[in-house]
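Trainee: Below are the chains, spelled out letter by letter.
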Amino acid sequence: MTKTVIHFIILAAVLLMVQVVCNKIMLLGLAMPIVFIYVIYRLPASLHVNWVLTVAFLMGLVVDVFNDTPGMNALSCTLLAALRRPVFRAYAPRDIQEDGLLPSMAAMGTGAFFKYALTLTLFYAAVLFLIQAFTLRDWLLTVERIAASAALSMVLILGIDSLVDTGHGEGL
Amino acid sequence: MKNLIDFFLRHSAWAVFLLYAVLSVVMLVGSRNPYQQSVWLTSANAVSSTVYGALGYVTGYFNLHSINADLEQRNATLEMELVDLRSQLRQLRLQLPDSTFDQQALASYRLLPALVISNSIAQTHNHVTIDRGSADGLQPQMGVVDRGGVVGVVEVTSAHAARVISLLNPDISVSCKLKDSDYFGRLIWEGGDPRFATLDQLPKHTVYEVGDTVVTSGFSDMFPEGIRVGVVTGKAHEVSAGDVQLQVKLGTDFSRLSEVRVIVNSRSAELRSLNSDSLPNNDKKRQADANSSKLSRP
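For the record, the sequence lines run as chains A and B. Under our numbering, the first residue of the first sequence is numbered 1, with each subsequent residue one higher. Under our numbering, the first residue of the second sequence is numbered 1001, with each subsequent residue one higher.
Please keep in mind that the hints were generated in silico from the structure rather than gathered at the bench. Given the structure is predicted, the values throughout are model-derived calculations rather than measurements. There could be a bad hint or two in this list.
[To be verified] Quick list of simulated restraints, FRET-style, between CB atoms: (1) B:V1025 / A:R94: 43 to 53 Å; (2) B:S1134 / A:I10: 33 to 43 Å; (3) B:L1115 / A:I10: 30 to 40 Å; (4) A:L163 / B:N1075: 32 to 42 Å; (5) B:L1055 / A:A90: 39 to 49 Å; (6) B:G1137 / A:L141: 32 to 42 Å; (7) B:S1012 / A:K115: 22 to 32 Å; (8) A:V49 / B:V1026: 16 to 26 Å.
[Said to hold, decoys possible] Listed next, the stretches of chain A that the computed footprint assigns to chain B, with coverage defined by at least 3 CB atoms under 8 Å from CB atoms of chain B: (9) 19-31; (10) 61-74; (11) 125-133.
Beta carbons are placed, not taken as given, at the ideal position from N, Cα and C, and that holds for glycine.
Okay, chain A solo, but in the shape it has when bound (with noise of 0.2 Å):
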């Protein structure tokens, strides 16, 4: 139990530390790597809702602050972390639901990770380019960039994934 909680600790703040850095680029104008999200999947599927949210909430909170972008992170944070189960029930394997399994690749199986991930990936770059570009005009740009930005996080995320969860309880 303390060790997850570790573990949680040390894999948030790492990567909220290399999102801050990933707020600033925006590859060929269109795709913004995010990657601190990866947290929120990660969380046991057993954790009760409230700390999901409570964790999400705050997560998006630090890199709001960091990026002079108040509120903006934090809301789609609350959302995903509302949307994780539902979604985690839909594509995960019946016989692995209700223990204490930390969704992966090597727990859940790649396919019903991969559409795990890509669901709530999508929807966060949907949910926070939609946010950004409510004062603009340009629909397709943005479009565009929920695309783009969807796709080079699920790269970084499956890397990340595979690098964290080996399959045999160690990793990073």
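Could you slot chain B onto chain A? The hints should help.
Mentor: Just chain B, lined up with the frame of chain A:
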């Protein structure tokens, strides 16, 4: 009673969700109102300014070579100008009595150097964080420039850091004019390419040429008259109202901003109190701009 408590416990997730969502929306809406935010929720707070300060200390060295070359160039130009002005001044002194020269005109402005510790250009509302704060005499609504031109306006300050609304942010606009012809308009950035902004609200009969220099008009107290902003590169998209809109290439390269200067105006408190007396219900954030745009639309 027990049932009631059970009911709330079972549905507490909704309450928690609503609480966080409402908090986020309040922050989101609050952020659209510059100059009135709490400094704790911005990158000028103690923790993030320390982190960014450490990062900036390292990355600040990366561009030194090109910055130095720029400074050399600018120094040479200024030296030429100084020689030219000195000789003109000497000639004019001979013709006019001493009292005609207003030595006080620029004395109320002071430039304070500062380092950029965080900067963004990819967002739709960009901000710059600098390593000077209220302890150095900074206050909200002071202008910020760098060697290329206007950078933005100070928004909130903590003791040793301040957040600046970048010129790449539709929340601010700067009253500008064409240097040679004195036609004036409003410079605003509305998203897109961080190298270009739009100079709008110019009168219909404006005469301009591609390559004309755009400078500040001096109508607001944030920037003195004649600070370089950029050069005209052509006509921006057509508008129905009949105003002329020009595309301006900004003199400031926001992608490698590192050393800036804050314009400290000792008369600004005086001017601002005059403005707020005459405009009792005006929105603070547009105040300085409103004063100039009122002039520009007779």
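Trainee: Next step is simple, just say for each hint if it's right about the structure.
Mentor: Going down the list of hints, with the structure as the test:
The hinted range of 43 to 53 Å is not satisfied by V1025 (chain B) and R94 (chain A), whose Cβ atoms lie roughly 37 Å apart. Distance hint for S1134 (chain B) and I10 (chain A): a CB-CB separation of about 36 Å, consistent with the stated range 33 to 43 Å. Look at L1115 (chain B) against I10 (chain A): about 31 Å separates their beta carbons, and that is inside 30 to 40 Å. Hint check: L163 (chain A) to N1075 (chain B), Cβ distance near 50 Å, so the stated range 32 to 42 Å is violated.
The given range of 39 to 49 Å is respected by L1055 (chain B) and A90 (chain A), whose C-beta atoms sit roughly 41 Å from each other. Between G1137 (chain B) and L141 (chain A) the C-beta distance comes to about 41 Å, which sits within the given range of 32 to 42 Å. The hinted window of 22 to 32 Å between S1012 (chain B) and K115 (chain A) holds, with their beta carbons roughly 29 Å apart. Restraint check, V49 (chain A) to V1026 (chain B): a C-beta distance of roughly 22 Å satisfies the suggested window 16 to 26 Å.
With a threshold of 8 Å between beta carbons, the proposed coverage of the region 19-31 of chain A by chain B holds, since 6 of its residues qualify and at least three are required. Counting residues of the region 61-74 of chain A whose beta carbon lies closer than 8 Å to any beta carbon of chain B gives 10, which meets the minimum of three for the stated coverage. Under a criterion of three residues with beta carbons nearer than 8 Å to beta carbons of chain B, the stated coverage of the region 125-133 of chain A is upheld, 3 such residues being counted.
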